[in-house]
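2 protein chains.
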Amino acid sequence: MNTLIIYAHPEPKSFNGALKDLAVSELQMLGHQVQVSDLYAMNFKAVADQDDFHQRQVQDFFKYGLEQNHASQTSGFAQDIKDEQDKLLWADFVIFQFPLWWYSVPAILKGWFDRVFAAGFVHGSEIGRYEHGGLKGRKAMLSVTTGIRQEAFTPYGMEGDIHEQILYHINHGILYYSGMKPVEPFLVWKPTQSEELRKQYLTDYKTRLHQLDEIPLISYHPNGHYDETMQLKKEYR
Amino acid sequence: MNTLIIYAHPEPKSFNGALKDLAVSELQMLGHQVQVSDLYAMNFKAVADQDDFHQRQVQDFFKYGLEQNHASQTSGFAQDIKDEQDKLLWADFVIFQFPLWWYSVPAILKGWFDRVFAAGFVHGSEIGRYEHGGLKGRKAMLSVTTGIRQEAFTPYGMEGDIHEQILYHINHGILYYSGMKPVEPFLVWKPTQSEELRKQYLTDYKTRLHQLDEIPLISYHPNGHYDETMQLKKEYR
Chain V
3 MNTLIIYAHP
13 EPKSFNGALK
23 DLAVSELQML
33 GHQVQVSDLY
43 AMNFKAVADQ
53 DDFHQRQVQD
63 FFKYGLEQNH
73 ASQTSGFAQD
83 IKDEQDKLLW
93 ADFVIFQFPL
103 WWYSVPAILK
113 GWFDRVFAAG
123 FVHGSEIGRY
133 EHGGLKGRKA
143 MLSVTTGIRQ
153 EAFTPYGMEG
163 DIHEQILYHI
173 NHGILYYSGM
183 KPVEPFLVWK
193 PTQSEELRKQ
203 YLTDYKTRLH
213 QLDEIPLISY
223 HPNGHYDETM
233 QLKKEYR
Chain L
3 MNTLIIYAHP
13 EPKSFNGALK
23 DLAVSELQML
33 GHQVQVSDLY
43 AMNFKAVADQ
53 DDFHQRQVQD
63 FFKYGLEQNH
73 ASQTSGFAQD
83 IKDEQDKLLW
93 ADFVIFQFPL
103 WWYSVPAILK
113 GWFDRVFAAG
123 FVHGSEIGRY
133 EHGGLKGRKA
143 MLSVTTGIRQ
153 EAFTPYGMEG
163 DIHEQILYHI
173 NHGILYYSGM
183 KPVEPFLVWK
193 PTQSEELRKQ
203 YLTDYKTRLH
213 QLDEIPLISY
223 HPNGHYDETM
233 QLKKEYR
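Going down the list, the protein sequences come from chains V and L. If you're matching positions, the first sequence starts at 3 in my numbering and goes up one per residue. If you're matching positions, the second sequence starts at 3 in my numbering and goes up one per residue.
What the hints contain is simulated information worked out from the structure, not anything from laboratory work. Where hints are given, some of them may not hold.
Same chains, same names: a pair is fine if it fits in one copy or spans any two.
[Said to hold, decoys possible] Here are the simulated EDC-like pairs of lysine to aspartate or glutamate, each with C-alpha atoms no more than 16 Å apart in a straight line:
id : residue 1 : residue 2
1  : LYS47     : ASP82
2  : LYS235    : GLU153
3  : LYS84     : ASP53
4  : LYS183    : GLU216
5  : LYS15     : ASP62
6  : LYS208    : GLU28
7  : LYS47     : ASP85
Just need the whole structure built from these sequences, with the hints factored in.
This is the structure:
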C-alpha cells in the first residue's frame, strides 16, 4: 500500500514527531511504501495567494477558486502544490499527524489544505464532491494530540464533542468532501502527563498501524441520502 | 466604542472587501474608533515558529505554548504579535471578516489565532479560560461569506449545522475560550448569485452595524455549569 504522512509540528523531538517516526518505520517494515511531507521542515507556504499560479485566468480580480480551476485545466499550479497533489494521487492511505491547536489544525496544515485541495482537483462541477470527490478510492486518518483531558470532549463536555463538533469540519468538511474515506482518528490525550502514558500511546499506535485496513470508517451519509434541497431524507434520520 | 476588524481576503475588490469597507465607514460615521488588521496587505506571518519570540526559555526543545507563556511574562513576543495583542486590548468589539475556506478560516487567519491568541495572554493557569479568559469584557462577531447554499448548513443539511458543527470550533473553541462574548455571526450565502443579492446583504449588514450592542450573544454555558469532571451538570442539559 502507498502511504502518505502529512506531518505538522515544529519540533522533531516532540511526541508528534515520535508518532510520525513510528509510523514511517512500522509501515516500511510491513512492506508499505511511505512518503512524508514534513511541512515545517519543508517551510511549506501556508498562505493562499496569486503566487500559487503560473498564469492567471483573470488579471484584474483575484478569485482563488476560479484560478485553482484554471490551474487544474492548464497544469498551472506552483511546483510545491503540484508536488503535494502528485503525492495524494500516488497514495492509498493518508495520515495527518498534528497537534490540535485552537480546536483545529495548525495554520501550516490549514494552508496545505487551502492550497493543495484545489477546486478542479478534489472538487468541482465536473468532478463532484463527497463520495464523488477527486480523491475517491483513498482512506485518510487524523492522528491528533491534545493538551486537554478526554472527558472534556464528550457530548456534554466543556470543550464540545470531539467527533461531532471539533473534528467534524476536518473529517467531514475536508476529507470526506474530497472523496476520501476518513477512518476513526487516533487521539492522544495530554501525552505530557507521563512517560508511561506516552509509551502506552506508542504501543497502541503500533497496533493500529499493523491493522490499517481494519480501522472502522467514520459513518457519514452518501450523497444519495440527501434530497434535492440537500436535506437528509426522512428515512435516514 | 473601540472596534477592531480582522480582515482576511486576498482581493480588495472582493465582497469580503466591500463588507470590510462598509464596516469601517459606518462605524466611523457612528462615532466609533476603528482599527483594521488587513492580514493579506500586512503580509501577516501565518506559521507559528521559533521566530515568534525574542528569546527562548528552553533551547533544546521547542514547545510553542511554553514559549508563549514565557514571552507573556517577559514581553518577549515578536513585534507583529505584540501589535495585534495591543489592538485586542484596546478593542471593545472585534469583527472577523473572512470567506469560509474548507469549513474554517483561511490559513492566514488561523495563523493569526495560533500566534496572537497566546498562552499567558488569553488563557493559562493564572488567567483561566472561557468566561475567565484574558480577553473578557469584549465582544466578537464572525462575518463570513460562503459559496454554498444556506439550506445545506441546517441540522439535517449535507454540510452540517453551521452553528453546532462548522463555526463551533471558532465561536466556542477560540472566541468564547478567550473570554470574549461571541455574538450571532453575520452570514452571507453565495453572494456570487446576483448583484441584487449583494446589495441586499450590504443593506442588512449596515443595519446590523448600527445595532452592534443589540446583537444577541451566542448562548454558551458559563464555567459554573460544569462539574469537576468537566461535564455539564444534569440540571443544565
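Violating hint indices (sorted, rising): none
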